[in-house]
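Undergrad: Protein chains in written order, with numbering that gives the first Met the number 0: chain A, 0 to 146; chain B, 0 to 340.
It is worth saying that the hints were derived from the structure and are not from the lab. Be careful, since some hints might not be right.
Stated by the list, open to error - No more than 20 Å apart at the CA atoms, straight line, and that leaves these computed lysine to any residue pairs for SDA-like: (1) Lys3/A with Glu250/B; (2) Lys79/A with Phe31/B; (3) Lys104/A with Lys79/A; (4) Lys104/A with Gly51/B; (5) Lys104/A with Gly72/A; (6) Lys131/B with Arg16/B; (7) Lys201/B with Lys53/B; (8) Lys3/A with Gly253/B; (9) Lys10/A with Glu250/B; (10) Lys201/B with Arg16/B; (11) Lys79/A with Leu67/A; (12) Lys79/A with Gly30/A; (13) Lys104/A with Arg179/B; (14) Lys201/B with Pro2/A; (15) Lys131/B with Arg179/B; (16) Lys104/A with Gly121/A; (17) Lys104/A with Leu49/B; (18) Lys53/B with Pro2/A; (19) Lys53/B with Ile109/A; (20) Lys104/A with Ala114/A; (21) Lys10/A with Arg16/B; (22) Lys53/B with Met101/A.
To be verified - Covered stretches of chain B, as calculated for chain A (at least 3 residues, CB under 8 Å): (23) 59 to 69; (24) 106 to 117; (25) 158 to 172.
Virtual Cβ for every residue (Gly too), placed ideally from N, Cα, C.
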Amino acid sequence: MEPKEYRQRVKRLEPPRPIARNALWAFVVGGVICLIGQVVQSGLMAVGYNQETVKAPTSIIMVFLGALATALGIYDRIAKFGGMGANLPITGFSNAVVAPAMEFKQEGPIMGTGARIFQIAGPVIAYGLLTAFVVGLVRFVIMGGKP
Amino acid sequence: MKVQTAPSPTGQRGHLRLDATIASSATVVGPFEAQGPLGPLFDRVVQDDLCGEKSYERAELCLLRGAVELLLDRSEVSATDVDLLIGGDLLDQITTTNFAGRDLGVPLLGVYSACATTSESLLLGALAVTSKAASTVVCATASHHLSAERQYRFPLELAVQRAPTAQWTATGGAAFLLGRNDEGLARIVAATVGTVQDYGLKDPNNMGAAMAPAAADTILRHFRARGQASRDYDLILTGDLARAGLPLLEELLGEEGERPAHRLQDAGVLLYDPSQDVHAGGSGAACSALVLASLVLPRLRRGELRRVLLVATGSLHSPRSYQQGETIPTVAHAVELEAIV
Numbered sequence: 000m001e002p003k004e005y006r007q008r009v010k011r012l013e014p015p016r017p018i019a020r021n022a023l024w025a026f027v028v029g030g031v032i033c034l035i036g037q038v039v040q041s042g043l044m045a046v047g048y049n050q051e052t053v054k055a056p057t058s059i060i061m062v063f064l065g066a067l068a069t070a071l072g073i074y075d076r077i078a079k080f081g082g083m084g085a086n087l088p089i090t091g092f093s094n095a096v097v098a099p100a101m102e103f104k105q106e107g108p109i110m111g112t113g114a115r116i117f118q119i120a121g122p123v124i125a126y127g128l129l130t131a132f133v134v135g136l137v138r139f140v141i142m143g144g145k146p
Numbered sequence: 000m001k002v003q004t005a006p007s008p009t010g011q012r013g014h015l016r017l018d019a020t021i022a023s024s025a026t027v028v029g030p031f032e033a034q035g036p037l038g039p040l041f042d043r044v045v046q047d048d049l050c051g052e053k054s055y056e057r058a059e060l061c062l063l064r065g066a067v068e069l070l071l072d073r074s075e076v077s078a079t080d081v082d083l084l085i086g087g088d089l090l091d092q093i094t095t096t097n098f099a100g101r102d103l104g105v106p107l108l109g110v111y112s113a114c115a116t117t118s119e120s121l122l123l124g125a126l127a128v129t130s131k132a133a134s135t136v137v138c139a140t141a142s143h144h145l146s147a148e149r150q151y152r153f154p155l156e157l158a159v160q161r162a163p164t165a166q167w168t169a170t171g172g173a174a175f176l177l178g179r180n181d182e183g184l185a186r187i188v189a190a191t192v193g194t195v196q197d198y199g200l201k202d203p204n205n206m207g208a209a210m211a212p213a214a215a216d217t218i219l220r221h222f223r224a225r226g227q228a229s230r231d232y233d234l235i236l237t238g239d240l241a242r243a244g245l246p247l248l249e250e251l252l253g254e255e256g257e258r259p260a261h262r263l264q265d266a267g268v269l270l271y272d273p274s275q276d277v278h279a280g281g282s283g284a285a286c287s288a289l290v291l292a293s294l295v296l297p298r299l300r301r302g303e304l305r306r307v308l309l310v311a312t313g314s315l316h317s318p319r320s321y322q323q324g325e326t327i328p329t330v331a332h333a334v335e336l337e338a339i340v
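Work out the full structure: start from the sequences and follow the hints.
TA: Rendered as structure tokens:
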């Protein structure tokens with residue numbers, strides 16, 4: 000059999016991914032995480048933070064919760080159902096940093112955790128910075144240096 | 000200078016006629032494998048995934064060494080009587096096997112053909128015995144779900160969703176004692192060394208599909224060399240095609256007029272229960288070895304099976320070759336086992 004013909008057959012026999020179920024779970028899990036974020040934010044505002052100053056502490060608390068759930072071995076189980084609903088919120092970014100940090104502890108603090116901590120999040124950070132730079136440059140060219 | 004070559008002595012390239020006995024076997028598995036349908040058939044179950052060690056790599060070493068030590072112990076053979084240890088695993092530089100060689104102090108040949116390592120080491124061991132170069136050979140393989148995840152996939156706690164065609168690397172070690180004894184579990188009578196096949200598949204989450212053509216090629220070449228068909232076998236056991244690869248192999252064999260039906264089974268399907276959520280099924284160097292030792296060899300010994308073809312299959316890619324966009328080359332080695340009359 001020709002390799003191309005075989006590859007088509009593999010595609011045909013491959014079990015379909017449960018896209019509808021995955022999307023529903025992603026909606027539920029992502030929604031619950033955002034709801035927790037909203038509760039944290041409202042709580043902070045109730046103790047005196049305003050719309051501007053509440054952003055940083057809310058993110059910090061959500062990053063901590065994501066790191067805690069990762070360290071307790073819960074976050075990967077949530078993501079098994081939640082998929083992108085667990086990856087996309089800031090708790091997912093926290094997981095992407097903490098998971099390799101834990102993983103490579105066995106290879107030591109320098110060549111292990113230190114060198115590998117951004118193995119997953121690195122591309123997001125690198126291309127996030129690049130995008131911010133390009134957008135900033137475009138804005139500067141069009142609108143000048145005015146704030 | 001042109002070198003004169005002679006035709007293959009068996010008439011089929013890569014086909015070997017062998018005469019060796021599997022005298023005994025031993026298995027050590029992780030707790031998750033012990034919960035599977037073959038759980039009660041394994042010799043030893045370790046208490047946790049770490050096997051009392053500080054890393055999963057050391058845990059894998061503990062499984063391999065544990066299986067060999069259990070084998071020597073129950074066979075009443077001392078390590079100093081072993082002529083040769085042939086084994087392999089999935090980790091870089093096959094460290095599990097090489098470190099076990101250091102600990103056991105026996106002449107060691109480390110081999111690698113990914114999850115086909117079980118049949119590769121058995122056929123090499125049987126070849127050494129047949130040629131009378133060795134009289135006591137130990138063949139051993141091991142794999143560990145968590146050390147394989149670390150090497151091939153993502154950090155363990157990372158939030159990822161697995162594909163339905165993904166497979167679960169078996170945690171376990173298995174060892175076989177080969178010799179020329181008249182008594183034992185089964186006889187190895189022939190083997191066919193696989194050719195590396197590559198049908199251009201790239202998805203390491205569907206290794207079953209990548210490996211099915213290698214299994215089909217080796218099975219058909221073995222049949223041709225022996226003048227056999229699938230009806231001559233009570234069982235054709237593939238290594239780890241799992242639920243994604245097995246139907247593809249059935250189709251490929253069917254096109255060549257071979258319809259083994261219930262005779263064709265896969266170790267990756269047998270090792271776990273679908274409720275264990277291992278997706279397409281088991282894989283790993285230990286997968287076929289665990290099923291062979293726990294399920295197949297005892298049935299050969301009892302005469303419930305007369306003739307079995309073990310066809311362990313391996314994906315020969317590395318994480319680096321995958322990242323560079325290379326396709327997945329695969330191989331399958333066949334070992335023909337016969338009940339001792």
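Undergrad: Now look at each hint and say whether the structure bears it out.
TA: A quick look at each hint next to the structure:
At roughly 16 Å between alpha-carbon atoms, Lys3/A and Glu250/B fall within 20 Å of each other, so this suggested pair holds. Simply put, Lys79/A and Phe31/B have alpha-carbon atoms about 18 Å apart, close enough for the 20 Å limit, and the pair holds. Our distance criterion of 20 Å between C-alpha atoms is broken by Lys104/A and Lys79/A, whose separation comes to about 24 Å. Proposed proximity of Lys104/A and Gly51/B is supported: the alpha carbons are some 18 Å apart, at most 20 Å.
For the proposed pair Lys104/A and Gly72/A, the alpha carbon gap of about 16 Å is at most 20 Å, so the pair holds. Taking the CA atoms of Lys131/B and Arg16/B, the gap is about 14 Å. The hint holds against a cut of 20 Å. Between Lys201/B and Lys53/B, the direct Cα distance comes to roughly 34 Å. Violation of the 20 Å bound is thereby established for this hinted pair. At most 20 Å may separate the alpha-carbon atoms for a hinted pair to count; Lys3/A and Gly253/B meet this at roughly 19 Å.
For the given pair, Lys10/A sits about 14 Å from Glu250/B by alpha-carbon distance, which is consistent with the 20 Å threshold. For the hint linking Lys201/B to Arg16/B, the alpha-carbon distance of about 35 Å lies beyond 20 Å, and the restraint is violated. Proposed proximity of Lys79/A and Leu67/A is supported: the alpha carbons are some 17 Å apart, at most 20 Å. Pair hint Lys79/A plus Gly30/A holds up; C-alpha atoms about 16 Å apart against a cutoff of 20 Å.
Between Lys104/A and Arg179/B the CA atoms are separated by roughly 47 Å; this puts the pair beyond 20 Å, and the hint is violated. Restraint check for Lys201/B and Pro2/A: satisfied, since their Cα atoms lie roughly 12 Å apart, inside the 20 Å limit. Straight-line distance between C-alpha atoms of Lys131/B and Arg179/B comes to about 9 Å, which keeps the hinted pair within the 20 Å bound. For the given pair, Lys104/A sits about 18 Å from Gly121/A by alpha-carbon distance, which is consistent with the 20 Å threshold.
Between Lys104/A and Leu49/B, the direct Cα distance comes to roughly 15 Å. Compliance with the 20 Å bound is thereby established for this hinted pair. Between Lys53/B and Pro2/A the alpha-carbon distance is near 44 Å, which puts this suggested pair outside the 20 Å criterion. A C-alpha spacing of about 18 Å is found between Lys53/B and Ile109/A, which places the hinted pair at or below 20 Å, so the restraint holds. Note on Lys104/A and Ala114/A: the hinted pairing holds, with a Cα-Cα distance of about 10 Å set against a maximum of 20 Å.
Proximity of Lys10/A to Arg16/B is assessed by CA-CA distance (about 38 Å); at most 20 Å being required, the pair is judged violated. For the hint linking Lys53/B to Met101/A, the alpha-carbon distance of about 14 Å falls within 20 Å, and the restraint holds. Against chain A, the stretch 59 to 69 of chain B contributes 0 residues with a C-beta closer than 8 Å to a partner C-beta. That does not satisfy the three-residue criterion, and the hint is violated. Only residues whose beta carbon comes within less than 8 Å of a beta carbon in chain A count, and the stretch 106 to 117 of chain B has 0; fewer than three means the coverage is violated.
Under the rule that three or more residues need a Cβ within less than 8 Å of chain A, the assignment of the stretch 158 to 172 of chain B holds, with 7 such residues.
Hint check: violations occur at hints 3, 7, 10, 13, 18, 21, 23, 24; the rest are consistent with the structure.
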